[in-house]
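Here is what each chain is made of, one letter per residue.
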Amino acid sequence: MIKVLFFAKLSEQLGTRELLIESNNIKDTEQLFQHLLKYQADWSGVLNSQIWLKAVNQSMTTKNVVLNDGDEVAYFPPVTGG
Amino acid sequence: MISVQKQDFNQQVEYNRLKSKTSIGAIVTFTGLVRDINQDQRVSDLTLEHYPGMTEKCLIDIVRQAKARWNIIESTVIHRIGALTLSEQIVFVGIASQHRGDAFAACEFIMDYLKTQAPFWKKETMESGETKWVDAREADQQALSKWNLENKC
Chain P
1 MIKVLFFAKL SEQLGTRELL IESNNIKDTE QLFQHLLKYQ ADWSGVLNSQ IWLKAVNQSM
61 TTKNVVLNDG DEVAYFPPVT GG
Chain H
1001 MISVQKQDFN QQVEYNRLKS KTSIGAIVTF TGLVRDINQD QRVSDLTLEH YPGMTEKCLI
1061 DIVRQAKARW NIIESTVIHR IGALTLSEQI VFVGIASQHR GDAFAACEFI MDYLKTQAPF
1121 WKKETMESGE TKWVDAREAD QQALSKWNLE NKC
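Here the protein sequences line up with chains P and H, keeping their order. Residues 1 to 82 in the numbering used here are what the first sequence lists, from first letter to last. Residues 1001 to 1153 in the numbering used here are what the second sequence lists, from first letter to last.
Chain P with its partners taken away, still in its complex shape (with noise of 0.2 Å):
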């Protein structure tokens, strides 16, 4: 399974903070976010609205990563703490 969590503003648009998606059929992350475009209706929508920052295994990333089962990918808009 893959673990993908969405933060603040995004997780507010898709309705969830948290999914675990079976690994079988999903190689890197292209391909997982190509699957969550489709994992409800209104997602593609959302997920296509701004660019999103990409995190695999809690390390930022703008790259393809390969995934593994057990792999956590989380995505979130740009980050304003301080």
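Because the hints were derived from the structure by calculation, they are not lab data. Where a beta carbon is used, it is the ideal one built from N, C-alpha and C, also for glycine. Fair warning: there could be bad hints in the mix.
Covered stretches of chain P (chain H as the covering partner; in silico rule of three or more C-beta atoms under 8 Å from a C-beta of chain H) [to be verified]:
id : segment
1  : 47-59
2  : 65-78
Derived pair list, reagent style EDC-like, types lysine to aspartate or glutamate, alpha-carbon separation capped at 20 Å [what the hints assert, rightly or not]:
id : chain 1 : residue 1 : chain 2 : residue 2
3  : P       : Lys-3     : P       : Glu-30
4  : H       : Lys-1123  : H       : Asp-1135
5  : H       : Lys-1123  : H       : Asp-1045
6  : P       : Lys-54    : P       : Glu-18
7  : P       : Lys-38    : P       : Glu-12
8  : H       : Lys-1067  : H       : Glu-1014
9  : H       : Lys-1132  : H       : Asp-1045
10 : P       : Lys-54    : H       : Glu-1108
11 : P       : Lys-54    : H       : Asp-1040
12 : H       : Lys-1123  : P       : Glu-12
13 : H       : Lys-1021  : H       : Glu-1074
14 : P       : Lys-54    : H       : Glu-1138
15 : P       : Lys-54    : P       : Glu-30
16 : P       : Lys-27    : P       : Asp-69
17 : P       : Lys-63    : P       : Asp-28
18 : H       : Lys-1057  : H       : Glu-1074
19 : H       : Lys-1057  : P       : Asp-71
20 : H       : Lys-1057  : P       : Glu-72
21 : P       : Lys-54    : H       : Asp-1061
22 : H       : Lys-1152  : P       : Asp-42
23 : H       : Lys-1146  : H       : Glu-1088
24 : H       : Lys-1123  : H       : Asp-1040
25 : H       : Lys-1132  : H       : Asp-1040
26 : H       : Lys-1019  : H       : Glu-1074
27 : P       : Lys-63    : P       : Glu-30
28 : H       : Lys-1132  : P       : Glu-12
29 : P       : Lys-54    : P       : Glu-72
Guided by the hints, dock chain H onto chain P, whose structure is given.
What follows is chain H alone, placed relative to chain P:
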């Protein structure tokens, strides 16, 4: 010391903790507060969300990179989460060094890095009752760029 916490922090306690060694000749601290106005709108309070686990890892990495660049004897980063009202303390960065140059630079570096890399998100409640997620600022990205970072969180 690094802490992500709901409770408030005490300046004197944190200052005393930084002032722990006789080799320390300079302490610089920064405190960020909840401001009453943002982008011309009156703010009444805010909520801070974070990514448990990654946020702490990121703060540890920020301090590690600061220590690689400057002579730091003691350091403290505290960031609060949850609901905060006007004038409440949000973030504290304290650096103790032999000399002020290292302490000033490291403190600014940590804040610039934290604001653009550490996974925290602010949601403001306006005086009108409307709530709004705060947008990231281009000025913060520009502030970070002057440090020529190789690795980010």
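Handout entry: Numbered hints the structure breaks, given as an ascending list
Key = 10, 11, 22 and 23
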